[in-house]
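Novice: The residues making up each chain are set out below.
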Amino acid sequence: MQGEREPVPFRPYAPGTQPAYDVPAYGSTHKRHPQETLVRLPHTTTETSGPRFNPAHFPPIPDLSVIEGKSALGERIIVHGRITDEDGRPVPNTIVEIWQANASGRYQHPGDQHDAPIDPNFRGEGRVYTDDAGWYRFTSIKPGAYPWRNHHNAWRPNHIHFSFFGPGFATRLITQMYFPGDPLLALDPIFLSVPDDAARERLVCALDMTVTEPEWALGYRFDVVLRGRDATPMEA
Amino acid sequence: MPSATSSQTIGPFWHLIEHPEWADLTRFGATGARVTLTGTVVDGDGNPVTDAAVELWQSDPPCDESFPGFGRCRTDERGEFRFTTVKPGPVPGRGNAQQAPHFAITLHARGLLKHLVTRAYFDGEPLNETDPLLSSIEDARRRGTLVARPVTDDHWRFDIRLQRGARGESETVFLNI
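Quick mapping for you: the protein sequence lines, in order, are chains B and A. Its first residue numbered 1, the first sequence is counted upward by one per residue in my numbering. Its first residue numbered 1001, the second sequence is counted upward by one per residue in my numbering.
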């Protein structure tokens, strides 16, 4: 008998949609990827439950483009999208964490030594929650490309970092959103680490004129899919 | 329907979303016996991983207004992390199984295109003997990588090794969940 407390597991990841741990073109994976086979763990309450973030404790930061009334330099953008599970059901009231470089391609971070200017009016952290229908939205500036030392003359394409939690520990996702038409994408080992072409292309947002605001900011749409529940035979 | 979105590395600059107080899960006034969990993360050369985000989730005690159940901590220049939380109890397993008390641990870092997942159990817990995950790992040295060791009564140590060491130290067991 299926007890009421028996947790419904999340679905395995679709083949080719997730990067490997060992990706030789991305040098930092060399000493950091596990060499043993991962141990498969059927989901229990530990994996099917997950943290809830109360906005009272973790207040939203929906506008990265202004600090104390002073505007950051760069191209102002509005990013929005919908978070659903693999069955197309919205993921409501879930936290979305955001971080990014400034318009010059420099992070407000002591570890970033790129010789590009810091912007005193741009810190680069955002935090929003999805609404009841799974939509999120924030305002920022378009991040610049920047060099990294992975290989000779290596440059990261413009990107925004995202962190999602979803309903369970097993739905945790950290990813990066890229911009359409960026020629650096074809040269980027991190973007190219996703084997499946269609899955990789879904990391690229789309220009969205429905949220673009005249005389104010360009709009982009980035939809995200978190793991769905495994269908049980009774529900099929 | 589209499949789940692809993972990408957290990168070296994730500290923009770091709030050091998140490493203290008792900060909202949780009740219960406090425990400290510390550990070091090292790479395949035994060098400290100094830019990782370690996340801790525990489904017991259940999270509520005073206890988030979730914490995040950076690794410092020595590769060390430190959490303050409440000791978990047993957690129901699948079927009629009972799981020994444990923390679920997530590791994000530059060089990890998707996060790693492991668990920290407590050395000496009687339920460890029958825990479904621990009992499924035959190699005792590998199994031991999932077990935190006591430093004092309320301080536990859980080191994480991303690859086998030069002197044969076992790679931490990472989980496919």
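Hints are computed from structural coordinates only; laboratory data are not their basis. Be careful, since some hints might not be right.
[Unchecked claim] The list that follows gives simulated cross-link-like pairs (lysine to aspartate or glutamate, EDC-like), each with its CA atoms no further than 16 Å apart:
{"no.": "1", "chain 1": "B", "residue 1": "Lys142", "chain 2": "B", "residue 2": "Glu201"}
{"no.": "2", "chain 1": "B", "residue 1": "Lys31", "chain 2": "A", "residue 2": "Asp1123"}
{"no.": "3", "chain 1": "B", "residue 1": "Lys31", "chain 2": "A", "residue 2": "Glu1169"}
{"no.": "4", "chain 1": "A", "residue 1": "Lys1087", "chain 2": "A", "residue 2": "Asp1154"}
{"no.": "5", "chain 1": "B", "residue 1": "Lys142", "chain 2": "B", "residue 2": "Glu68"}
{"no.": "6", "chain 1": "B", "residue 1": "Lys31", "chain 2": "A", "residue 2": "Glu1171"}
[What the hints assert, rightly or not] Covered stretches of chain A (chain B as the covering partner; in silico rule of three or more C-beta atoms under 8 Å from a C-beta of chain B):
{"no.": "7", "region": "1002 to 1013"}
{"no.": "8", "region": "1016 to 1030"}
{"no.": "9", "region": "1083 to 1095"}
{"no.": "10", "region": "1100 to 1106"}
{"no.": "11", "region": "1120 to 1128"}
{"no.": "12", "region": "1147 to 1159"}
None of these values were measured; they are calculated from a predicted model. For each residue, glycine too, the CB sits at the ideal point set by N, CA and C.
Novice: Determine for every hint whether it applies to the structure shown.
Specialist: Do the hints match the structure? See the list:
With a CA separation close to 19 Å, the supplied pair B:Lys142 and B:Glu201 exceeds the 16 Å bound. This hinted pair does not check out: B:Lys31 and A:Asp1123 have alpha carbons roughly 29 Å apart, beyond 16 Å. In summary, the hint linking B:Lys31 to A:Glu1169 is supported, as the alpha carbons are separated by about 15 Å, within the 16 Å threshold. Restraint check for A:Lys1087 and A:Asp1154: satisfied, since their Cα atoms lie roughly 9 Å apart, inside the 16 Å limit.
Between B:Lys142 and B:Glu68, the direct Cα distance comes to roughly 19 Å. Violation of the 16 Å bound is thereby established for this hinted pair. A distance of roughly 12 Å separates the Cα atoms of B:Lys31 and A:Glu1171; the hinted pair therefore holds under the 16 Å criterion. Beta-carbon proximity to chain B at under 8 Å applies to 12 residues in the region 1002 to 1013 of chain A; the threshold of 3 is reached and the given coverage holds. Residues of the region 1016 to 1030 of chain A lying with their CB closer than 8 Å to a CB of chain B number 3, which satisfies the three-residue condition for coverage.
For the region 1083 to 1095 of chain A, the stated coverage by chain B is satisfied: 5 residues place a CB nearer than 8 Å to a CB of that chain, which reaches the threshold of 3. Remark: the region 1100 to 1106 of chain A is confirmed as covered by chain B, as 3 of its residues place a Cβ nearer than 8 Å to a Cβ of that chain, reaching the required three. For the region 1120 to 1128 of chain A, the stated coverage by chain B is not satisfied: 0 residues place a CB nearer than 8 Å to a CB of that chain, which falls below the threshold of 3. Residues of the region 1147 to 1159 of chain A lying with their CB closer than 8 Å to a CB of chain B number 0, which falls below the three-residue condition for coverage.
Checked against the numbered hints above, the structure violates hints 1, 2, 5, 11 and 12; every other hint is satisfied.
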